[in-house]
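Sequential numbering of the sequence shown, starting at 1296, is according to the numbering used here.
Accuracy of the hints is not assured; some may be wrong.
[Stated by the list, open to error] Cβ pair distances, simulated, as ranges:
1. Ile-1550 to Lys-1443: 28 to 38 angstroms
2. Lys-1406 to Asp-1451: 23 to 33 angstroms
3. Pro-1637 to Asp-1444: 30 to 40 angstroms
4. Phe-1323 to Gln-1545: 18 to 28 angstroms
5. Asp-1498 to Leu-1328: 51 to 61 angstroms
6. Ile-1424 to Tyr-1615: 33 to 43 angstroms
7. Met-1447 to Ile-1424: 42 to 52 angstroms
8. Leu-1328 to Gln-1630: 49 to 59 angstroms
9. Pro-1637 to Asp-1598: 21 to 31 angstroms
10. Lys-1330 to Met-1554: 25 to 35 angstroms
11. Asp-1549 to Thr-1359: 20 to 30 angstroms
Keep in mind that the hints were calculated from the coordinates and are not lab data. Glycine residues also receive a C-beta, built at the ideal position from the N, C-alpha and C atoms.
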Amino acid sequence: MASHFSPSDALSYESIDIIVRGEGEITFRNILLSKKLDGILGVSFKKGDQQIHNNDRDLLDLQTAKLPYRNYRYKSKSDYNFLGFPIDCIETSRGCPFDCSFCCIHEFYRKRYRSRTLESIIKELKTPIINNKASLIFFVDDNFVVKKDFIMSLCDAIIENKIHKYFMAQARVDMIVNHPELFKKMAEAGFIFLFLGIESFSDRTLKSLNKKTKFKQIKLALRILHDFGYIIQGNVIIGANLEDKIEDLQSTIDISKTMDIDLPTFSLLTPFPGTKLMDEVVDKGLLMDNDWSDFNWATPVIDFPYLSAEDLNRYYLKAYKEVLFSKSRFSKIMQLLLLKGPKYHLQRLLNVEIIKGLFNFLSTKFRRSNKDKYSE
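Make a model of the complete structure from these sequences and hints.
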């Protein structure tokens, strides 16, 4: 994303010769097939001492885009799994109609939200390589649940076509609260794991992030999802408000301990290029680091008025130590899985490739455990 919004900065690095701006499917292919870069849309490159920035490429037509060729990945026998379950990814849409201050997706896709047809998604889910190889499908859309009626229809189609998979996706808490019936239907179709961008428990901070959610919605959304048997990963930003002080960081940790999030994760507020947050940080003279390798959600790059980098690092690690590792989460997740009943899981696990993948994962863990034991 940074190279898209700041191609000149990217090309200033000696190790970088070519930048692909925007969506890369067509541009990458053109680079490989062309002898010259001149005229290739969506490309920035070095030419002698000059930087050349070709015109932008139009956004891809998702209805005519080719499906990814997955055969090479499976031929390589790569360890492409999640907790031992063979996993694959599908994208049904691009863009997000929301405009959170810390996210550049809205600008990257030129303020447009595009989705594929229901028929094309089902066709991809039914391709033999997905149907036979993967038991877990991650819908990698930036915001999967945007159009309620469309997702309802997709879930109905998944059920009607007997596509027995586990599904993962990202969602917003306000959508869960406003449309619980949709998430009930998703659970029936096989959705079992949801990622929520919670960001903050402060209404004041949520407003400053332009998140358009409320703290009370977060609590209600967690309860709704657990009633349907979902496993929830929720991310919270440490130092989500530029005016935060030490007591705000501690409050974030304290409230996190009381929230019923199965896999709580934490990040530091990071102003990526192309975001309103970056504009604000630069305008206020608070950007203390221009090294893009530090823009990773885990390294302080903002000079907070009331917090030092040491404060942020300390409370970031403290959050993981006191919240994520504070209690046994495996037993709670198992309870959620048992809510589904044996038939639900057997339909998704009785597959030779899947059983083989899970066996290999457990065997590897067993060998490593024995190796560690005898090396002591």
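Here is how each hint holds up against the structure:
1. The hint said 28 to 38 angstroms for the Cβ distance between Ile-1550 and Lys-1443, and at roughly 30 angstroms that hint holds.
2. Checked against the given bound of 23 to 33 angstroms, the beta carbons of Lys-1406 and Asp-1451, roughly 30 angstroms apart, stay inside it.
3. Taken as a hint, the range 30 to 40 angstroms holds for the pair Pro-1637 and Asp-1444, whose Cβ atoms sit roughly 32 angstroms apart.
4. For Phe-1323 and Gln-1545, the hinted distance range of 18 to 28 angstroms is not satisfied, since their beta carbons lie about 46 angstroms from each other.
5. With their beta carbons about 52 angstroms apart, Asp-1498 and Leu-1328 fall inside the hinted range of 51 to 61 angstroms.
6. At roughly 37 angstroms, the beta-carbon separation of Ile-1424 and Tyr-1615 lies within the given 33 to 43 angstroms, and the hint holds.
7. About 27 angstroms separates the C-beta atoms of Met-1447 and Ile-1424, a value inconsistent with the hinted range of 42 to 52 angstroms.
8. Taken as a hint, the range 49 to 59 angstroms holds for the pair Leu-1328 and Gln-1630, whose Cβ atoms sit roughly 54 angstroms apart.
9. Against the hinted window of 21 to 31 angstroms, the Cβ-Cβ separation of Pro-1637 and Asp-1598 comes to about 55 angstroms, which falls outside the hint.
10. Hint check: Lys-1330 to Met-1554, Cβ distance near 57 angstroms, so the stated range 25 to 35 angstroms is violated.
11. Range check, Asp-1549 to Thr-1359: Cβ separation about 51 angstroms, and the 20 to 30 angstroms hint is violated.
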